[in-house]
Amino acid sequence: MKATKANNLILDIESESDLVKKAFEFSKNAHEGQKRYSGEPYINHPLRVAKIVKDLKLSDKAVAAALLHDVPEDTKYTIKDIEDNFGEEIAMLVKGVTELGKLRYPKEKFSKLNIKPNIDDYESENLRKMFFAMGEDIRVIIIKIADRLDNMRTLEYVPDEKKPRLAFETMEIFAPIAERLGIGKIKGELEDLAFKYLYPEEYKYAKGIIDNTVKEKQKYLEKVKRFLLKYLSKNGIKPVAIDSRIKHYWSFYKKLLRYDMDVDKIYDIIALRIIVNKKEECYKTLGLIHEIWKPLPGRIKDYIALPKPNGYQSLHTTVFSIGGKIIEIQIRTVEMHLEAEFGICSHWSFKEKVNPKKLRKKFAWIQQLNEWLKNTSGSKEFLEGLRLDFFKERIFIFTPKGDVIDLPEGSTPVDFAYAVHTEIGNKCSKAKVNGKLVPLSHELKNFDVVEIITDKNKSPSPHWLQFVKTRLAKSRIKEFLEKEKVSDYLKAGEEILDKELIVSVGKKFAKLSKKEVEKILEKTKLSSASDLLLKIGKGEILASQVAKYLLEKDEKPRLKIFEKIIPKRESTETQKVKSPIVFGGQTNIAFYLSKCCNPQKGDEIVAFITRDRGASVHKKDCKIIKDLIRKWPERIMEADWSEFKPSVVYFEIQTKDNQETIKNIFDIINEMKIEIIENIIKTDKKTGDKQIILQVKVNGVKEIMDFIDKIKTLPNILIVKKVEKNIIQRLLRIG
Numbered sequence: 001m002k003a004t005k006a007n008n009l010i011l012d013i014e015s016e017s018d019l020v021k022k023a024f025e026f027s028k029n030a031h032e033g034q035k036r037y038s039g040e041p042y043i044n045h046p047l048r049v050a051k052i053v054k055d056l057k058l059s060d061k062a063v064a065a066a067l068l069h070d071v072p073e074d075t076k077y078t079i080k081d082i083e084d085n086f087g088e089e090i091a092m093l094v095k096g097v098t099e100l101g102k103l104r105y106p107k108e109k110f111s112k113l114n115i116k117p118n119i120d121d122y123e124s125e126n127l128r129k130m131f132f133a134m135g136e137d138i139r140v141i142i143i144k145i146a147d148r149l150d151n152m153r154t155l156e157y158v159p160d161e162k163k164p165r166l167a168f169e170t171m172e173i174f175a176p177i178a179e180r181l182g183i184g185k186i187k188g189e190l191e192d193l194a195f196k197y198l199y200p201e202e203y204k205y206a207k208g209i210i211d212n213t214v215k216e217k218q219k220y221l222e223k224v225k226r227f228l229l230k231y232l233s234k235n236g237i238k239p240v241a242i243d244s245r246i247k248h249y250w251s252f253y254k255k256l257l258r259y260d261m262d263v264d265k266i267y268d269i270i271a272l273r274i275i276v277n278k279k280e281e282c283y284k285t286l287g288l289i290h291e292i293w294k295p296l297p298g299r300i301k302d303y304i305a306l307p308k309p310n311g312y313q314s315l316h317t318t319v320f321s322i323g324g325k326i327i328e329i330q331i332r333t334v335e336m337h338l339e340a341e342f343g344i345c346s347h348w349s350f351k352e353k354v355n356p357k358k359l360r361k362k363f364a365w366i367q368q369l370n371e372w373l374k375n376t377s378g379s380k381e382f383l384e385g386l387r388l389d390f391f392k393e394r395i396f397i398f399t400p401k402g403d404v405i406d407l408p409e410g411s412t413p414v415d416f417a418y419a420v421h422t423e424i425g426n427k428c429s430k431a432k433v434n435g436k437l438v439p440l441s442h443e444l445k446n447f448d449v450v451e452i453i454t455d456k457n458k459s460p461s462p463h464w465l466q467f468v469k470t471r472l473a474k475s476r477i478k479e480f481l482e483k484e485k486v487s488d489y490l491k492a493g494e495e496i497l498d499k500e501l502i503v504s505v506g507k508k509f510a511k512l513s514k515k516e517v518e519k520i521l522e523k524t525k526l527s528s529a530s531d532l533l534l535k536i537g538k539g540e541i542l543a544s545q546v547a548k549y550l551l552e553k554d555e556k557p558r559l560k561i562f563e564k565i566i567p568k569r570e571s572t573e574t575q576k577v578k579s580p581i582v583f584g585g586q587t588n589i590a591f592y593l594s595k596c597c598n599p600q601k602g603d604e605i606v607a608f609i610t611r612d613r614g615a616s617v618h619k620k621d622c623k624i625i626k627d628l629i630r631k632w633p634e635r636i637m638e639a640d641w642s643e644f645k646p647s648v649v650y651f652e653i654q655t656k657d658n659q660e661t662i663k664n665i666f667d668i669i670n671e672m673k674i675e676i677i678e679n680i681i682k683t684d685k686k687t688g689d690k691q692i693i694l695q696v697k698v699n700g701v702k703e704i705m706d707f708i709d710k711i712k713t714l715p716n717i718l719i720v721k722k723v724e725k726n727i728i729q730r731l732l733r734i735g
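The opening residue of the sequence shown carries number 1 in our numbering; numbering runs sequentially from there.
You can trust all of the hints, since none of them are fake.
Result set (DSBU-like, lysine-lysine): computed pairs, CA atoms no more than 30 Å apart in a straight line:
| no. | residue 1 | residue 2 |
| --- | --- | --- |
| 1 | K294 | K225 |
| 2 | K663 | K427 |
| 3 | K721 | K432 |
| 4 | K255 | K445 |
| 5 | K22 | K35 |
| 6 | K623 | K508 |
| 7 | K308 | K51 |
Simulated from the structure, these hints should not be mistaken for lab results. Just so we're clear, the structure is a prediction, and the values are computed from it rather than from any experiment.
Please model the entire structure based on the sequences and the hints provided.
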């Protein structure tokens, strides 16, 4: 029999309660004769899982469930047998873990190249089950995480073809869940074990740096510890402990990537941890350290006043310590340390009773997750929300009263409004960030102070769905629109318009270019595509008339092209935007960026000359272009990115007579750092509406589209569009 390295982590049954002993005997008999991949008796696995659960300070019932977790799946015994022998609660826990055990990624989606797979409906449904289970009883997930940890610790014995799937699941699902539950002790180990199998070369590189750093700094750290212990004691602080924390390999490697692989910029490979008794001692300790050692600017973090979403609390500072060497120091209380290591499990640790109300409030994100799960239908929508709302980096946003709302990166004032209260979101009219009015689509930054201005006559706009980030905001907006039947009108409008456009111009509305959509909006005097579809759905605009607008003055056949098409260069007088790509030395070739590989500036690219759509631009390593090169080598053209030079363009903006809106327009211009050459504001004598003509310099098509999109989010905007110089001259009668 092979011996695993994890055998020293087996639960000591002799010292356990009668319930745990009974569960062990039942599991041992059920698994009699079964072996693990290592050749060891199968019972060793549930014993190790039970030890992990025990170390997390969960109850005997949870430990018993851990011992029994594989019985229904791998033996002749059923959940009913477990319920008959151990009661309903333990049977429920075992059933939950068994259900989660069915989560699988098809092995054909993996290769030795570690290509990240797409998740299909089957896998995403299993993920949904996992999170529903989390909402029902958090212990189910904790036992499952413990099960995965032991499987990863013994992954070396698993057949090679199964390793990538297990490692990928661990990195993408189990480690992030452990992090959100605050179980840092397990999260780091799961990531490192997955890192080892997913990216072995990078793992060796990171491990080598950390191991060498630890070896080099060990004596120095001991010296710093002795000094701090003496210094703090002398000043009235008696630390419970001063120890060191070594950064996990995966966490270090991710940070290394952020710092362009410059190890010298990473100061927390090893951090000192000072554990004290009281919260006030944390701040006193920080002050004492700063009295003798100068802190690095911008490196002081107060996670006590602003805990992380998973409950983590600590003070962090980076200082020039003995001999001028840079070191990170973390300061926390005993309770904070338990929270950092055990997360949600610390609420069972050393406490006879857990306050369910307090626990639900502290981990409200679990209930929030389940709330939008119930309102999420598609698998794609579910997975997108999961990654954005719950596994993405978080930012802390303040209310005007100083309350903290945590949101995923990229969130907007509308996301914030819905996070505060549904009615605040539904009546959201304007937003101030740090005292300044901003568009509702404005991207919030860490520690922004956000004030939402509500209007009882305001209601959610379908356009908000284009920029909100959180599932909560999206689900609330959709819920409101459903009640108002707006979504029905939008859907009907798009279906009606699609039928008409297919007959008239050969493509659906979603396939129209931005220029074509702008032409329609100009003709209909509407400000957004949502408004257009809504009016068609309500029968206020005829789809046939919309199709006629597209066909007007179109002498050449329309080209079925992607949205990212860029027009041919014109003469210097009327040139719109200089081409960002050079084709065999030429820049006057119409092209589009192929969606199969979505090339971005900086990628190595090549072009394929199509029969009627100009050049399609691909990444050089794109599978599609490789096939095209093989079939039609004569139609391949060299391509490279050219430098953008600012181009002069004109915008016409029509808005209601509102000084605040005009101010917001120029705020957006300043925010985007767009250079204004000239601006003219005219007033309609009858309506009072304002017409703003802008002559500006822009850096490409994307900046034009970004500007138009941002202006459209402002209230009171009637029209925003890019126009030609001759049209401006005609409008204003200027030369």
